[in-house]
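J.: Here is how the chains run, residue by residue.
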Amino acid sequence: MKQLNKWILALLGAVTVSGVSHAQVERVMVPTLEEQQRREALLTAQSADSSQDTTRYQVIVQDSNMQQATTPSQLEQNVTESLRPVTLEEEIQQQRVQDKLELFGYDMFSGVSSTFAPVSDMPVPYDYVIGPGDTFTIQAFAATNVQYDLTVTREGLLLIPDAGAVTVSGLTFEEAKKVISEAIEIKRIGIKTIVTLSEFRSIHIMLVGEVTKPGSYSVSGFSTLINALVSSGGIKRTGSLRNIQVKRNGQVVTTFDLYALLLKGDDSANIYLRQGDLIFVPPVGPTVGIAGEILRPAIYEVSKEKNVKAILELAGGLLPTANAKTAQIERISNGGMYTLQQANLKNNGNDVAINNGDLIRIFPVLDKMDDVVLLSGHVLTPGGFQWFEGMKVTDLIQSKSILRQGAEFDAAMIQRENREDKRTEVIYFNLWNAIADKYSADNLTLQPRDQLIIFDTHSPRAGQLTKVVNKLENEATADNPIKVVDFKGAIPHAGTYPLHMGARLLDMVKYAGGLEAGVDLNYALLARTDLATDRLYFIRISLNEALNNNTDHNLVLQPKDKVYLFNKDIDRASLIQTPLERVKRETQFGQQAPVVEVSGSVFHPGAYPMVPGMRVEDLIAAAGGMKEETYGLAATLSRQVLMDSEFSRTDSRAISLTKNDPLLDTTDLILHPRDHLVLRMKPEWVQAPQYVEIEGEITFPGRYRIDKRETLCSLMQKAGGFTEDAYLFGTVFLRDSVRKKEQKALDRMFEELTRLLADTHVSQGVNKDEKMPKDQRADDIYDVIKKMAPEKAVGRMVVDVHSAVTRCDETSDIVLENGDRIIVPKYLDEVSVIGQVYFPTSHKFRSDRAALDYIGLSGGVKELAQYEHAYIVQANGEVMSVRSSTSGWGLFNSPANVKVTPGSTIFVPLSVDRINGRESAEKWVDIIYKNIIATAMLANLLN
Amino acid sequence: MSWKTQTRIVFSLLLVAMLSGCFATENLVHVPRHDNMTSVDDYDLRLYRQSQHIFNPMPIDARVMQLRLQPRVEHLVFLVDQSASLNDSAQGLDTRFYAKEVVRRFVKTMPTQPISSTIVTYNNEPALQLYAPLDARLTIATRFPNELEFLLSGHRTAQHIQVKSLSVAIDFVSELVGNLPGPSAVVLVTEWAQIDESVELAVMRMRQRTTFGRNAHVVVPEASAIAWPQSHSGLCFYTVGVGNRLSRSRLENADSCGFSSAVDKVAQPSNMANFVESVLFRGPADEDNDGIYDYQDLCPATPAHKIVDYRGCPRFQ
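Going down the list, the sequences are from chains V and A.
At position 79 of the first sequence the residue is numbered 79 (the working numbering), and the sequence of numbers has no breaks.
At position 196 of the second sequence the residue is numbered 1139 (the working numbering), and the sequence of numbers has no breaks.
Chain V with its partners taken away, still in its complex shape (with noise of 0.2 Å):
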């Protein structure tokens, strides 16, 4: 339809167009490329026409048309399709052409003539025949000056004045001239005469047959057959554009063949009408569809064409993406149905024929690139390539310079068709030898549509992979199942391979990046679907075996193939879950599931799958191996044993673990389904050794390894015992399990405290008339406690460690522990008095003083001390009270002045019911206070 109505349109541009207007033409906001040349054609046609004395044609361009051209043409899409990338892809074409056709030749007449206009500006044409009605303007040059407007009278006369009448009546223009200034210049001598026709004759023409408004017309006398077609709304659809007749006087003057004047521009047949010429279009005649590749796809009547090369003609002739072989033509047999006949169009069609109704489809040729290889992956200009017959490998990677950096050179693929199956193969190969040696059998001979993959050492290969697989998979069928094969584990590049049949376990591994550093030789696992049953069972491979040539290990690999490889880090029993799982789920009544555990001191216990043969020592090598700490004398086997085939039961049984034992069994205890193998760790194995430091006044001091159960009366002896300045009585033990405890008090201390605190900030004193704010008090003991707060636990023990050390017997001696650390400091001979005194020091010890001479010699308390809650932290940790019991009571309750001892620290604590009034609040002071003499007493001591 479009490609019809371009082409009328450049027709129109060769002939004439005066109709166009403007008005028209402007109507399309944004002209195309196209309209504008199709606007420059109509110029130039306007500005050819005046020179050239044609008739013109009145035609209306459809607007649809204007709209519709900015669709691309089947060329163009053609074209399109053809500048993407190359591809192999296939697409499947159905018989698709036009969705409909119409009839050519009929868009002619389909816009709305105006009215007739007679051509008034154009010169009279020198044949136009003179009729009654034709008016003559006639200039006579002489002494005056005369015009004379004359109408040729009915009878073919002109009447001119002075000179007659003269018959006109069927003479061209050219002669009437001459007639009538002979007439006027023979009656008047020496006039000159000028004789144009200002006014045509109107003339009455008949339009009958399939037009579309029949009837007699007035036209003007200057109109041709096609004025008067076009001006009366021309020919219907079932009127016959190839045979139209214009008769006068009963006789066929002319057939008009409208084709010959759209197609070849041939309007020699176009006559100019004669007054009662009678124009008859007859019913529309034998028709051939023709539709597909084609120019000018459209339903073609037919006259004189006999075969369909005759039909191409007219249709435009074939497009280039049309496959002249494959043409179908659609006709009605004789037997009233409709057949469908292959038509060979090589010969453009000259030996086919053409019947009444026939439909010719055209179909384009197949999308599929062919004799064109594809190279894909890790290259620098991957895309298609032409084919040659012999063509290798090496001749479409000439160099490695289109290698980009990190090729594979193991490994590259090569995806073929196999042409006659209709099968996608893989072949892998080895890209280094194929470049290296062009002679090697890796330089395969390619083939016409093969794809080579060029893989890398990095990314991941299965996304690479996935198309092929992909299409391997929809290539699957029943008995040709899906040809990949599974990398699991520990290997370079795991994930699905196309399986390259024959090729052995190595090959594949090889093609999957290679064994790795690390990977278990000893056992590795193929998971084999049973192509028959569609059942899964496993095979244990040894690469060790695989790896000296037995092919029994270095097997040929299957389609559906799942090939695990475990290395120590691997969590085989998680990898290999899956499949064990399935073949649980696929063991029926009267089998066994295949399935064996191992657990305990093995590097990696779980489940495995049971092989036929397998022994213990294989369960054990497929779980890695026996630990250094296992025990290696024997292990547990529990076997589950049907009782009557039906009562199940677990056995024990004590497997040994050495080779040669006569009577338990052995590893080569064969494995049955179900058994699970315990491996024990050596007795009192130590996990991580234990440390004990000691150091200070030690002969040997330092970090020594301890057994279980070591006492500190014997490490002392391996660390040579104490120096002449031990002070004994003062060593620092400090154990970590200890400090934690005391820090899981000291936390839950401070959080009690923390809490309690909120409490007394929501309730109101015990003396409610106290003016002070109620906060004041509790933020202010809140900011003292966290002031003193000690950061950390130390975890010290008091210990005697004299009595340990002299006696070593089970009252005094001390076990050790891992992490325990033993200071002993030098001799200390002071006593040092802190806290509210007012002048805190240290003073010499010496044995007649007692605390409260001490605290004297500070200066006595101040006026804020408590001073009957005076503590006495002694060298080895103990605090004491100056009230306590073991110090004795003083009169009264007062303070009594105990003995302290060297190295000692008096504290002489804050009243805290001085800055506040909460009774409570003094129980953590107290707390607090000691932890803070405790931790000062160590930094004292370990300085």
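A portion of the hints provided could be inaccurate.
Some residues of chain V that are not near chain A, with every Cβ distance over 12 Å (derived) [as the list claims (entries may be wrong)]:
hint, residue
1, R274
2, F385
3, R419
4, T424
5, K584
6, K718
In silico EDC-like links for lysine to aspartate or glutamate, alpha-carbon gap of 20 Å or less [said to hold, decoys possible]:
hint, chain 1, residue 1, chain 2, residue 2
7, A, K1249, V, D668
8, V, K471, V, E420
9, V, K682, A, D1198
10, V, K627, A, D1198
11, A, K1051, V, D644
12, A, K1208, V, E646
13, A, K1208, V, D651
14, A, K1249, V, E545
15, V, K682, A, E1195
16, A, K1249, V, E617
17, A, K1249, V, D552
18, V, K584, A, D1252
19, V, K562, A, D1252
20, V, K510, V, D486
Computed list of chain V residues with no C-beta within reach of chain A, every gap over 10 Å [said to hold, decoys possible]:
hint, residue
21, P85
22, Q328
23, E330
24, V379
25, F729
If you are wondering where the hints come from, they were derived from the structure by calculation, not from laboratory data.
Keep in mind it's a predicted model, so treat the numbers as computed, not measured.
All C-beta atoms in this analysis are idealised placements derived from N, C-alpha and C, irrespective of residue type, glycine included.
Once you have looked at the hints, place chain A on chain V.
T.: Frame of chain V, contents of chain A only:
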């Protein structure tokens, strides 16, 4: 017809009636249905007595032949506790009865071929005379199962010893098997409560006596492994406890041969067959060493380093 003939007929009829009655009683014995799963405790005493007669041993001869089971031990010794402490009846039945019954069933289930074996019963009743001195006049001789059954009937007293305690009895057995050249299995049938520390120690002594020379302790490269003298003797020690089916053994030892069971666990024919098999035999033979037992192996001479299928044939040709 004389009355004599009539009497004869009457008698014979009576006899037939009685016999048929007997058969009927035999057939009408009510045994709990799932006898495999039912413990002795579940049996009504009277029914249990009757069920003794219908213990239908599951002889393992055919199985031994078919599976080509390999003998595990050369000697078999039963030590059956018949002491007074077992006198207290369980459900009205002397528990000593259970102990003997287990051994009887064991013997009935054993393969018919002779095995060097003996049965030692012991009790500690002070009034009775000591029949066998501790110098082990008892010998272990090759016996057929029916001989063993005869020994068990108590008609011959030579196998009965009277000692103070179970541990002494074990020491006695230990003396017995300690001098034997080949490995032996000792099955102790006693009440769980009898097993105390002294019994544990006695068993340990017996094990030490029969086992020496293990080279597993020495971790050396295989090439330079020292060949330690190989002990041909050895001991598998089994305990069958009288009582209910819960094992209360103190004699389990993960490293050594043997295990503990309970009377109820082994009393039923199939369980007893399994017990006998594990005491007397190792696994079925596998001559071509392909991991498939010979009785399942369709390809008897598979070359080494071949992957086989469950029929013992090479999977890949």
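J.: Hint by hint, say whether it matches the structure.
T.: Hint check results:
no.	hint	verdict
1	R274	holds (103 Å)
2	F385	holds (41 Å)
3	R419	holds (32 Å)
4	T424	holds (27 Å)
5	K584	holds (17 Å)
6	K718	holds (29 Å)
7	A:K1249 with V:D668	holds (16 Å)
8	V:K471 with V:E420	holds (17 Å)
9	V:K682 with A:D1198	holds (12 Å)
10	V:K627 with A:D1198	holds (19 Å)
11	A:K1051 with V:D644	holds (18 Å)
12	A:K1208 with V:E646	holds (16 Å)
13	A:K1208 with V:D651	holds (11 Å)
14	A:K1249 with V:E545	holds (10 Å)
15	V:K682 with A:E1195	holds (18 Å)
16	A:K1249 with V:E617	holds (17 Å)
17	A:K1249 with V:D552	holds (6 Å)
18	V:K584 with A:D1252	holds (18 Å)
19	V:K562 with A:D1252	holds (18 Å)
20	V:K510 with V:D486	holds (13 Å)
21	P85	holds (45 Å)
22	Q328	holds (55 Å)
23	E330	holds (60 Å)
24	V379	holds (38 Å)
25	F729	holds (46 Å)
Violation of the numbered hints given earlier is absent; every hint is satisfied by the structure.
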